[in-house]
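A.B. asks: So you can see what is in the structure, the chains are spelled out below.
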Amino acid sequence: MFDVISLMLRTGILTERLPARSPESPPLESVQEDIRRILGRALCIRHVDAGSCNGCELELQALNNPYYNLEGAGIKFVASPRHADVLLVTGPVSANMEEALKRTYGAIPDPKVVIAVGDCGACGGIFGKSYASRGSVADVIPVHRVIPGCPPEPAKILAGILDAVVSAQGQASKRDKAKRS
Amino acid sequence: MREITLARQLGEVALAIAIAPLFTGWIAQCRAWMQNRSAPPLLQPYRMLRKLFQKDVALATEASPLFRATPYVLFGTMVLAAAIIPSLATDLPFAQAADAIALIGLFATARVFQSLAAMDIGTAFGTMGARREMMVGFLAEPALLMVMFNAFLLYGSTALPSLVDGYAAHPALIDPSVIFAAIAFLMVLLAENARIPIDNPATHLELTMIHEAMLLEYSARHLALMEWASSLKLFNYACVGFALFFPWGIATHGVDGTGTLLLAIVALLGKLAVAGAVLALIESISAKLRLFRAPEYLAIAFLLAVLGLLVHLLLGANTHA
Numbered sequence: 005m006f007d008v009i010s011l012m013l014r015t016g017i018l019t020e021r022l023p024a025r026s027p028e029s030p031p032l033e034s035v036q037e038d039i040r041r042i043l044g045r046a047l048c049i050r051h052v053d054a055g056s057c058n059g060c061e062l063e064l065q066a067l068n069n070p071y072y073n074l075e076g077a078g079i080k081f082v083a084s085p086r087h088a089d090v091l092l093v094t095g096p097v098s099a100n101m102e103e104a105l106k107r108t109y110g111a112i113p114d115p116k117v118v119i120a121v122g123d124c125g126a127c128g129g130i131f132g133k134s135y136a137s138r139g140s141v142a143d144v145i146p147v148h149r150v151i152p153g154c155p156p157e158p159a160k161i162l163a164g165i166l167d168a169v170v171s172a173q174g175q176a177s178k179r180d181k182a183k184r185s
Numbered sequence: 002m003r004e005i006t007l008a009r010q011l012g013e014v015a016l017a018i019a020i021a022p023l024f025t026g027w028i029a030q031c032r033a034w035m036q037n038r039s040a041p042p043l044l045q046p047y048r049m050l051r052k053l054f055q056k057d058v059a060l061a062t063e064a065s066p067l068f069r070a071t072p073y074v075l076f077g078t079m080v081l082a083a084a085i086i087p088s089l090a091t092d093l094p095f096a097q098a099a100d101a102i103a104l105i106g107l108f109a110t111a112r113v114f115q116s117l118a119a120m121d122i123g124t125a126f127g128t129m130g131a132r133r134e135m136m137v138g139f140l141a142e143p144a145l146l147m148v149m150f151n152a153f154l155l156y157g158s159t160a161l162p163s164l165v166d167g168y169a170a171h172p173a174l175i176d177p178s179v180i181f182a183a184i185a186f187l188m189v190l191l192a193e194n195a196r197i198p199i200d201n202p203a204t205h206l207e208l209t210m211i212h213e214a215m216l217l218e219y220s221a222r223h224l225a226l227m228e229w230a231s232s233l234k235l236f237n238y239a240c241v242g243f244a245l246f247f248p249w250g251i252a253t254h255g256v257d258g259t260g261t262l263l264l265a266i267v268a269l270l271g272k273l274a275v276a277g278a279v280l281a282l283i284e285s286i287s288a289k290l291r292l293f294r295a296p297e298y299l300a301i302a303f304l305l306a307v308l309g310l311l312v313h314l315l316l317g318a319n320t321h322a
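Protein sequences, first through last, are from chains R and G. Take the first sequence: its letter number 147 is residue 151 in the numbering used here, and every next letter is one higher. Take the second sequence: its letter number 256 is residue 257 in the numbering used here, and every next letter is one higher.
The shape of chain G in the complex, shown without the other chains (with noise of 0.2 Å):
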């Protein structure tokens, strides 16, 4: 019984690494069509980490262990969050030990390593870079904080996998908050995953970058690991959505079996296809919003938020613990 939870712990986590870069993927084609343009390969994320990492490394001469460790530092706290979190079954041994709190803490660890890895090398873009990635994060954090505690409320835990498994167990419940939190959370997801309204990932503009300004020293493997990290958060918060606003066909605790392992899959995989097209869709059809706009942008996902919670509290508290 150990060794199959086990399994299927690891099972989640390699299928959140091999199909990260898949959704990054889908997200560009996507786009691509929406420009009225021939879409790359789907595979085209996985083409560029393999040239990359066949490449030779040109590190710059003042480069510190600290910007050369940042690279596996980022991958392993995007491996591990994706080990905490509930994308296919909720029976996790790894959840048990963190919750969506320690998930918040991972992700700001790596925000952190970044950020000083950017300001390693002392060039002013990526100081830049650092400093604007620094005050984004530090503005959506207590707006994730404040989505989360929705959930929290709703069902009594701060653990994902209970979120998820509470759902399961009173699947009519639609409480009016879930819909503040969910606008909060696709608000908090853009922002802090380089997406249009604060960030384009397409930029060559140095003065506009955010995220990009951050890798601009990187090169070959340690370049693929980065962009491979960040392919893996936009995954893990995709996934953490999906255990917060649509939990469905994620294998809850206690129903066993291959049948639901697969369905859980095949669920997932169709609801990143939805997503990735909607998150193609709201980057096509809005424009970036000038720097000084994402305070005002990130303060109203955070009162959305907080609306949620007071609605939830002022309409009598239904709570499944």
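Bound conformation, chain R alone (with noise of 0.2 Å):
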């Protein structure tokens, strides 16, 4: 027990900034700002392997680490899709999985935003289509933003869904507006 506790103290606290996004979208303080104000930092992430080799999982996994701490930033990932927000999909979807892919899609609370994450996520990857599989995530189910990269590392799936997130609650805004007017 007290070498844990003397491992703690020893340690400190490891978690590291968050990263910025892609170098044309704003800097990263507006970012945070505006998931801040829109989401209330507090954003769930249902993940559903369609079919993936398990690369994108292992990275997905670093990012809930101490070094990138997504729980820091107010991001989980949940245990069930009723409480999600974010659908993020890995791998291509294969046969066995386009039904259970469009139970969970259904099951989640609106608002909602999909995420394809990895090549085959985005296009099929090596997979492609097939008879075993249906290609891109997008063919099975609407997406709102593809993170592409086999895998892609654990700074980019994070800027990814900040990114996405960001753009799904402006297009909301707007149709907001829209409907105002």
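The calculated label-pair distances, taken between Cβ atoms and stated as ranges, are:
no., chain 1, residue 1, chain 2, residue 2, range
1, G, V58, R, G132, 36 to 44 Å
2, G, I283, R, G132, 50 to 58 Å
3, R, Y71, G, H254, 52 to 60 Å
4, G, Q55, R, G132, 36 to 44 Å
5, R, D7, G, R69, 45 to 53 Å
6, R, I130, G, L290, 42 to 50 Å
7, R, E103, G, L263, 53 to 61 Å
8, R, I17, G, L270, 18 to 26 Å
9, R, T15, G, P177, 35 to 43 Å
10, G, R69, R, A136, 34 to 42 Å
11, G, G157, R, Y71, 53 to 61 Å
12, G, G106, R, N58, 44 to 52 Å
13, R, Y135, G, I283, 47 to 55 Å
Over 10 Å on every C-beta distance to chain R, these chain G residues come out as not near it, computed from the model:
no., residue
14, L67
15, D92
16, F95
17, Q97
18, T110
19, T128
20, M136
21, A169
22, P177
23, L308
24, L315
25, L316
Hints in this document: simulated from the structure, not taken from any laboratory. Ideal placement from N, C-alpha and C gives every residue a C-beta, glycine not left out.
Take the two lone chains and join them into the complex the hints point to.
C.D. replies: Written out as structure tokens, the structure is:
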């Protein structure tokens, strides 16, 4: 027990600052500000493995470690689609996972955002379209954003999630304005 | 006079509802620091609640009215429980209607509703969670009753406010039985509030879940109420613990004035801060028990509470009735 406590004290806080987004996007502070304002920094992600090789899963797992520390930014992975705001899909959609993916999408309460992670999710990757695979995620459910890479690095995934949420919120507020006028 | 008492009662309940998520957020922060990560903001639970209240509800097609009513029932029972626990003052009109045994009954009512609602949809994980919750519950309840009996014997009353008043009348009293009861109470608190030796609140694996498995089908405002109710439950347990073992600072019967009440609020916040850090430390340095070890764990809690009773009776029963 004392070993554990002394390890805690010796290690200190390991979390790094949130990574900057792609160069053309606005600076990090404004993004954080947006996230804070719109989502109250409370974003829940449901991850579905629709037939991935688990390369992307390793990178997603890294997001939860103390370095990237998604929870510190108010983003967390949840155990049920009913708790989620974002659906994160990895892998080409295999024939056996197609129905499960559609049902998961249906079970997420509105408003929701779908993100396809990895080259497989983007276009089917090396698996493509075949008798066992439906190809990209966008062929099965509507996708708001694709994060390419095989596998994408944790920092890229994090930036992609922030991007997708901010742009989806922008669209939603435009829609609201259109409704009102 | 009557109005003042009523206002105090309502104020206490409002404060409990308002700061219960704060307590949960504080524990989460302490846990994050102990895991060497930067912590989410203290107000994170409130942000989560606000977001959930704004979302649309997604209901399963098989959901019955029971499923939809349960979040409100649960929240209501926890608010009622907060009304009869002397967290700030002992002069509570509601507390005269219900003693500590009724309080345990209230918690049991909430548990029954939650388990029924979890089984309502008919998913495998919900049913599994409900059964596990009932197993933990029926073992934790007698242990909690035994802890209460320790205090009842000491002060000759089953009402929580009179226990605190009794302590205020005999502050120098340290009975060895109290130490046994306090350890047993801590063990029950951890088990009943889905904390680490029994359940892991941060898990994503359905097979290791107890509390979370029962919430899997809830969304949006229903989920928000369920989460809020479970923070309130933890807050209530903490306040019962303070009333039984650390009743310093609580405004006692007959003592009036804003000063004592302010002091009581400060004392409560201080005690919550320490309790949250201790809970997080316990969770960080212990591992989750295998499910089949849970009965042993709760049997130990029961045994400790009974030992406390025996110690009290054998050492000459210095009752302060």
